[in-house]
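Given only the sequences and the hints, what does the whole structure look like? Please build it.
Residue numbers (mature numbering (1 follows the signal peptide of the UniProt record, and there is no 0)): -26 to -1, 1 to 381.
If you are wondering where the hints come from, they were derived from the structure by calculation, not from laboratory data. Cβ atoms here follow ideal geometry from the backbone N, Cα and C, with glycine treated the same way. Not one of these hints is a red herring.
Between beta-carbon pairs, the in silico distance windows are: (1) 337 with 29: 41 to 49 Å; (2) 94 with 18: 40 to 48 Å; (3) 18 with 273: 31 to 39 Å; (4) 274 with 143: 29 to 37 Å; (5) 128 with 337: 33 to 41 Å.
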Amino acid sequence: MKHRGRHRRRKQGRALRAFLAGTALALTGAATLISASQATVGTDPGALKPLASALSRQELRLSENLSAAPVSPAKTVGVGEVLANADHSLRPAGDCTGAERAALPVSPAATSAHCWPEADTRGWRAGAVTTSGDADDDGLWGANRVVLSGWSDHRGAARVAFVDANDPGRLSYTWVLLAAPPGAGRDAGPLVSRLSGMVWYQDKLLATADDGRALYMYDLDRIERTAARGGTAVPATGDPAAHAVGYVLPAVATYRLPGGTRMGGLSLDRSTTPDSLVVSESVPADDDRPTRLWRYSLNDDPSGAGLLATVPREAYETKVAAVRGALSYDDRWYLVRAAGGPGGHGTLWRQDTEGAHAARCGTDETYLCWSGPAQSLSHWEETGEVWSQSGRVLFSLPLASIDRALR
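The structure is reproduced here in structure tokens:
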């Protein structure tokens, strides 16, 4: 298991930064997808409104349940073994289709992009992204740079691609199925929930579950082999194709919200002390009420008990509607607004308690510059990159270029 010293700020990965700092990807023709009618869309949401009332905070209070069934360490593996068995490859940007490339942000432009194989992702929907930059502040897990990419199918079954990102020009991966914790007299079963948010912190993975009403916590040192890898774990889905997947990851704890509040995007903020989990509320696009944003403090105790504070340390309201991803860094909040329809582009806002700024693009200065399908945002602090997914495209770009585009 990796030693997790805090605040070491190692400056490794210069080769990766050099690769990503090169010329931005040529997104030929992407700007033509923005229509004149879309150019008029965009209303300044103004400043974030702090929520100070005890009632508002109480609605965001989590209850913690650490009642998951124990797993024998002799039957489990860690991230290193999973990466060593990466048996699929993403396509480099030059091999992505025109439609895939057109879904990328127009401004600011991605500096790195890879596309998932259609045959391996057909019937699955891309969701959340987190990286080893979240897991530890040196950006590494052991000796590896890793991206975790969450996917859900039409029934809600969930799986995560463990991506070997050591070579930025060639990303390989393998699948791990997620299982829900046992409860109410039943054994552990498939996680049936859309993965709108994930954060990898220390050796734990936090993922949205139960349609955003809960967070499930997973121990990444307790991945189980299925029969496909010589183990005995039963794949956590009834899909016969899942039996070829080599690994299953059972939940070890649950954090649950009261009432009808639903969590949407998750991200990690390393600019706070202690580090914090950032959450955006999932509000239907046709609901005219404000969206809440809040954060929970994280504990660097690797035991997992009490990893996440259950009372939010701060909370805000935003008038940005249909928020699909949220990132916070240095008191600035970056919010992704979904596209208005299929094939369209979304909006990227930066807000604080003083006001709001949006990325603009094209000769008519439209706000619709971000990827429409993109949801999750993950900041790899050690490299300065922000990672996201747009349909079958995994992409990244510097946070500095996002700030330059927001005006």
